[in-house]
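So the protein sequences, as listed, match chains W and G. Using the working numbering, the first residue of the first sequence is number 1, and each one after it goes up by one. Using the working numbering, the first residue of the second sequence is number 1, and each one after it goes up by one.
No lab work stands behind these hints, which were simulated from the structure alone. Bear in mind that the values here come from a model prediction, so they are computed numbers and not experimental data. Mixed in with the good hints there might be a few duds.
It does not matter which identical chain is meant; a pair holds if it fits inside one copy or across any two.
Below are the EDC-like pairs computed for lysine to aspartate or glutamate, each with C-alpha atoms no more than 16 Å apart in a straight line [what the hints assert, rightly or not]:
hint	residue 1	residue 2
1	Lys164	Glu325
2	Lys346	Glu460
3	Lys209	Glu460
4	Lys150	Glu460
5	Lys209	Asp315
6	Lys403	Glu141
7	Lys164	Asp216
8	Lys104	Asp117
2 protein chains.
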Amino acid sequence: MAALAGRLDGQNRRMSTSNSSKGSLAARPRVLVIGCGFGGLAATRALVGAPVDITVIDRSNHHLFQPLLYQVATAGLSAPSIAAPIRHMLRGQRNVTVLMAEVKGIDRQQRQVHLADGQSLGYEYLIVAAGATHSYFGRDEWATHAPGLKTLQDAFALRARVLKAFEQAESSPDPAQQRACLSFVVIGAGPTGVEMAGTLAEIARHTLKNEFRRIDPASARVLLLEGSPRVLQALPPELSAKAAAQLRALGVEVRTGCRVVGIDAGEVEVETGDGTVGTERIPARTVVWAAGVAASPLGRMLDMPLDRAGRVHVDGRLNIPRHPEVFVIGDLAAAQSRQSDGRTLKSVPGVSPAAKQMGAYAASQILQSLRAPQGQVLPPLPADAPGAFRYRDYGALATIGRKAAVADLGFLQFSGYFAWLFWLFVHIYFLIGFRNRLVVLMDWAWAYWSFQRYARVVAEPVDAEPLSLTKP
Amino acid sequence: MAALAGRLDGQNRRMSTSNSSKGSLAARPRVLVIGCGFGGLAATRALVGAPVDITVIDRSNHHLFQPLLYQVATAGLSAPSIAAPIRHMLRGQRNVTVLMAEVKGIDRQQRQVHLADGQSLGYEYLIVAAGATHSYFGRDEWATHAPGLKTLQDAFALRARVLKAFEQAESSPDPAQQRACLSFVVIGAGPTGVEMAGTLAEIARHTLKNEFRRIDPASARVLLLEGSPRVLQALPPELSAKAAAQLRALGVEVRTGCRVVGIDAGEVEVETGDGTVGTERIPARTVVWAAGVAASPLGRMLDMPLDRAGRVHVDGRLNIPRHPEVFVIGDLAAAQSRQSDGRTLKSVPGVSPAAKQMGAYAASQILQSLRAPQGQVLPPLPADAPGAFRYRDYGALATIGRKAAVADLGFLQFSGYFAWLFWLFVHIYFLIGFRNRLVVLMDWAWAYWSFQRYARVVAEPVDAEPLSLTKP
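Just chain W, with the same shape it has in the complex:
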């Protein structure tokens, strides 16, 4: 293995130098970027033209615009509109090699990353940007019945579930089963949960109008369950209240302070939140998990202390302790940032602007290290020191449905139609790749005028056996 790895590294280095426009035969420092989400992509792009050989490793072949993933899950956009091939995005950056591969191990001491196919890659700098995944708070058995939404595969599975639920309601002769098919439960009222619930209500009331003969899709029940006292916790209470009101206007039943204690095929069990003792069983064929997020299991491969959510503690330079060559960024990093007062520290949230900022910052530190005199290592940097990473919060946005959204820009808070337009503009603007922007804009314009959602495709045929539903 070691010999093979050595050979490969040598090959990599030769090939990338021969590709480089500099044409220098001296080995250039190798930068390994694990994960090409917002953070990894920003870091890679910030190293354009730098005298390094970058290898970007991702399990997928595409960079995913995750903020719009719920639109794929609800048939509003097709997958290629929000997913662009990584190697296409980076084709012009000659110091980058892209590998679609799975990382199986990280050896901090030997500075090597082991891949699932048996290869190993050495590095002088490592940027770990592997992101986050769902967390079921230790109840992993819920995953089967309440899928989450992190990858395109998740979105396809959820889209098929939602569309099949209406199909099954139409073909089922049993009224109880029909009701269960027409009940949708979304667990967790963060931005994804709120967007899912709002869109599901819209689909039931508008998109499917006149298309069924035996059921009325508008009779569908959409529940949004949240454990904390209000929806969209990250926003100020007034905006939470407005969002809840907008959701209710769309027909969503919003229940806050509601703890889920069980999920089965066709049923969600919740503790009644009104102070009385007891639980309630809600029959529902379709349950969406939007409650818990945990850092990627890849964080554990670094063999460093993790926080409760599985994130890796990093210092003000986004390095792990004693490893100035290893950066952890994005949702995987437990980073602190000075507040606007310049002194108090606050955790950096797991949002895409933070990941992008961390990516650019890590790249800047690598460039600084390259400029340092031979052999000199940049010292550790506390999070409150000058020059440490500082997260700039430009605000928060969440859409609720057609013409409804809430926005918090810090200095300004607003909701309703104007917030919705603002949300639309921001998402189109940040959507990567000019063509995608155009297509998405067109899709949305069409959806707006027609009330339709065009990506209503279930690729797999009908389940041969009907889904068994627990009888209430």
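Once you have looked at the hints, place chain G on chain W.
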């Protein structure tokens, strides 16, 4: 079961009459349409406004524009561009109920269709339009290594295979494996095979340019294997020759008179076609099956004599013997049609115009039967009798790649750029749903100018284990 079926039928009938604008309480004849491809859809639409209750049953929720399926498999179009929800397409036709369901049996005597979920539906008229599937000529074990292209799922699987082949070539350290990854074999040179091979060559030479660092995608080998002496057998020999020349110009190795005798993981074995005895092994990670088509297994449920390809023999009225109430149409039907001379009979080919024409014809026969005096049954009709179904052949078209196609309109044959424009126009015209047309046109315009293919999405992550390849 019988009691349940009776109850359901009663319910269906009540509900559909209460939905009907006529509001008559008399039971209307029930028409059951199995399969909503080109044939089933045409039949259903031709019965708009007719005093019948139609139930359309399909395993999928969408009608698929199959002639463009290869474009989804080669990342040129996203699935929703060529797939529209059946119930959305038929929402305005009030005498139609759409069920997403799988048919498990047909009882000709009791006039009942049994569904996989246990329900049964009765009918007065039955239209079976279940289409065709792949045939491996008895070598079903080849299916794993050489997938075919009939459904969206097939297209997604193929797209992932093609894209992953290039990815694996980039990450593989083994030159032999790299070569196998960069070898693509298409078996069968009908329209689908020709289109696949041409597009694969284009992807390798144009789309992926500059995106790889360790391999040159343009060095990929694309082989098109055909057992018969020429490509596009359905076209005149001159057009076949032109198509073969255009394919070669794109970089496709065309081998006619070449019999495949074995397919393994990573290898295709062919009999050398040059008269010498022996076989040749072609290492190839990606093999596409475009050779054999067999009628849907649903044909067997009718318990009637089938032809060699599994198709159901029908008379000039498209009825099966002794069942004037059962029509079989489209790829599932072994139908005969008078030639333009009005006398000689020829088999109706398994193409979408034929399916559409059969669908409209079957609907016309049902309408005629409804107008007949109570109790009178339309007599069997030989294929050469006046009034029997007659297939109108408007010609054949096949595209080969960018700016290359061949067209045979009977009175006119042409190839090259003009044929390609004609192909484009015809496909856009027939693509169902205005929005899809617009999107596809835009996608194609973009692809034309940019040489790009935008749907390069592999939803599932990289294979944890590398594909094992038989060493040559």
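To see whether the hints hold, each was checked on the structure:
1. Lys164 <-> Glu325: For lysine 164 and glutamate 325, neither the intra-copy (49 Å) nor the inter-copy (31 Å) Cα distance is at most 16 Å.
2. Lys346 <-> Glu460: neither (46 Å within a copy, 36 Å between copies)
3. Lys209 <-> Glu460: For lysine 209 and glutamate 460, the Cα distance exceeds 16 Å both inside one copy (24 Å) and across copies (33 Å).
4. Lys150 <-> Glu460: between (20 Å within a copy, 12 Å between copies)
5. Lys209 <-> Asp315: Neither, since 54 Å and 41 Å both go past 16 Å.
6. Lys403 <-> Glu141: neither (37 Å within a copy, 53 Å between copies)
7. Lys164 <-> Asp216: For lysine 164 and aspartate 216, the Cα distance is within 16 Å only inside one copy (15 Å; across copies 43 Å).
8. Lys104 <-> Asp117: Answer is within: at 9 Å inside a copy they meet the 16 Å cutoff, but 43 Å across does not.
Violated hints for the displayed structure, listed by number in ascending order: 1, 2, 3, 5 and 6.
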